[in-house]
Amino acid sequence: MVASVPKRLGRALVLLVLAVFILLPLAQTILLGYISTMPKTGMPIGSFSLINYGNIVKSPVLLASIGNSLTYVLLNVSLCLVAGLPAAYALSRYRFVGDKHVLLMLLTFRLTPPVALSLPVFLLFAELNLVDSPIGIGLVHCLFNLPIAIWILERFISEIPRAFDETAFLDGHSLPGFFVKMLIPAIAPGIAVAAFFCFIFSWVEVVFARILTVTSGKPITMAINAMFTFQTDVGLVMAMTTLSLVPGVAMIYFVRNHISKGFAVRV
Amino acid sequence: MIPALAVMGLVGVVPLLAAFNYAFFDIFTIQQAYWVGDEWYRQIITSDRFYASFGRSLLFSALVMSVQFSLGIALARMVSRMGPSRIFVLMLVALPLVVPWNMIAMMWQSLIHPETGIAGRAMAFAGIGFDYKFNAIHTWILLIVMDTWHWIGLVVILAYAGFSGIPKAYYQAAAIDGASSFAVFRHIELPKITSALSIAILLRFMDSFMINTEAFAMNAGGPYYATSFLSLDLSEDIKAFNYGSTAARSMLYFLIVMTVAWLFRIWVERQGRVDDGVQVVKVGG
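Which chain is which? The protein sequence lines are A and B, in order. Each residue of the first sequence is one higher than the one before, counting from 0 in numbering that gives the first Met the number 0. Each residue of the second sequence is one higher than the one before, counting from 0 in numbering that gives the first Met the number 0.
In case anyone wonders, no lab produced these hints; they're calculated from the structure. Bear in mind that the values here come from a model prediction, so they are computed numbers and not experimental data. Glycine included, C-beta positions come from ideal geometry on N, C-alpha and C. Any given hint might turn out to be false.
Going by beta-carbon spacing under 10 Å, a handful of chain B positions derived as facing chain A [as the list claims (entries may be wrong)]:
| # | residue |
| --- | --- |
| 1 | 74 |
| 2 | 86 |
| 3 | 88 |
| 4 | 106 |
| 5 | 115 |
| 6 | 145 |
| 7 | 147 |
| 8 | 233 |
| 9 | 236 |
| 10 | 245 |
The following block holds chain A by itself, in its conformation from the complex:
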């Protein structure tokens, strides 16, 4: 389809407006990250500098918070994939008693706002000694990420014809062997997309991350919250926020060709 000139101009204009709308808040944040905003640093307020990034590198608390976030997010992604893959395979290939109920349950838990479960989750995890540990957060984020992982993986598995499995079994592959050697390579893009969505939803979540870290193990989001005091160093906050965007942006780039092939919810 070749578009006419006015049509192309119109499209360019729409894209320009969209880009400005999306990028403006990000630009503001990134810019402020390079500006000194505290008087004590010996340089005039508002001058361009790398001091905020220098301060991050010098602060063990902030560095640790990046590590904490990465730990529980990666833990959550692997949990969702390991638990989600067999479930997605079962839902895609077999009909069993209660499969419809399982799908409805997944949907319901994905929709339940974290704040509604935060109190009982906190009490339960305190009982299990999972408060202040990345394992607790990684686990609880499965509440909304596991359904997403299952939906995405199920969609990709269902696109593979059943004959693919049957041939593999005839060739003498066991079920686990088939999973590792044939199924996983065949749905690699699906695994990437599922990992992407689990990663970002776990990375950006704050309700559980807040209530499950009382004294230590603070994630990056809470470290930023803690910076708001009587005299907030806005530049430092913005620099930290900019850093918190880096993994997500990298993930977007990583799955850019498959990103639109994800969700198809089955109920």
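Put chain B on the given structure of chain A with help from the hints.
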């Protein structure tokens, strides 16, 4: 199936049952609990505040969804007609999705700050006074713009998935018939993208209906409760360590979620039957 069910059981079912149980008690500490029956539920569902918050949440969802879906579908339609550069547009709209939720309100507040913000200075220069702290309408506008910024990417990406699944033959047939652009959209594209969009509709409805972090960070439910949504009432209960009432509220919200999920399932099943019907007609015709 078993590992998935075990995980969901631990993080979903067990806390839910616990909440169900707590909701019948007046709890000072976990060891000191008094049976109060359905009193918490009665208190919540007879309070005017519950219905006011419910109404506000519903209005917020309606506004946010009408903005995001009309814009999102139009954008996705445009993107689906573009060349390889479409990938960059999809990456662009996905950017806000990776911003941590507690940072979103802060980014927008700093953007519209009248002295240091880019948009704030532009508005001050143009003589537009914008006061999101004390003007309820302005708070609402800011929340809707912010939510649209945050979530339009999801709508565009899912709608785009719907558009890219439409076979070329449909467009060719429409071109031969001389169908207008609007007719193509109304009779070919819209029915075809509905199933792809249904999940977007559901996710956006529930997430906006239960909006929490962003709304609280923006103005803490103010001014004068004008943006105190359902989930903010719940946060307030939690902060007051009001276990019984929190649990009862959680159960009520869970019931709402459950009802919506169940209605959604009925709707999707009906949708599936209509689709099958169309296919039969096509084969026959």
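Practice task
State the violated hints by number, sorted upward, taking the hints as numbered earlier in the document.
Solution key: Result: no hint breaks.
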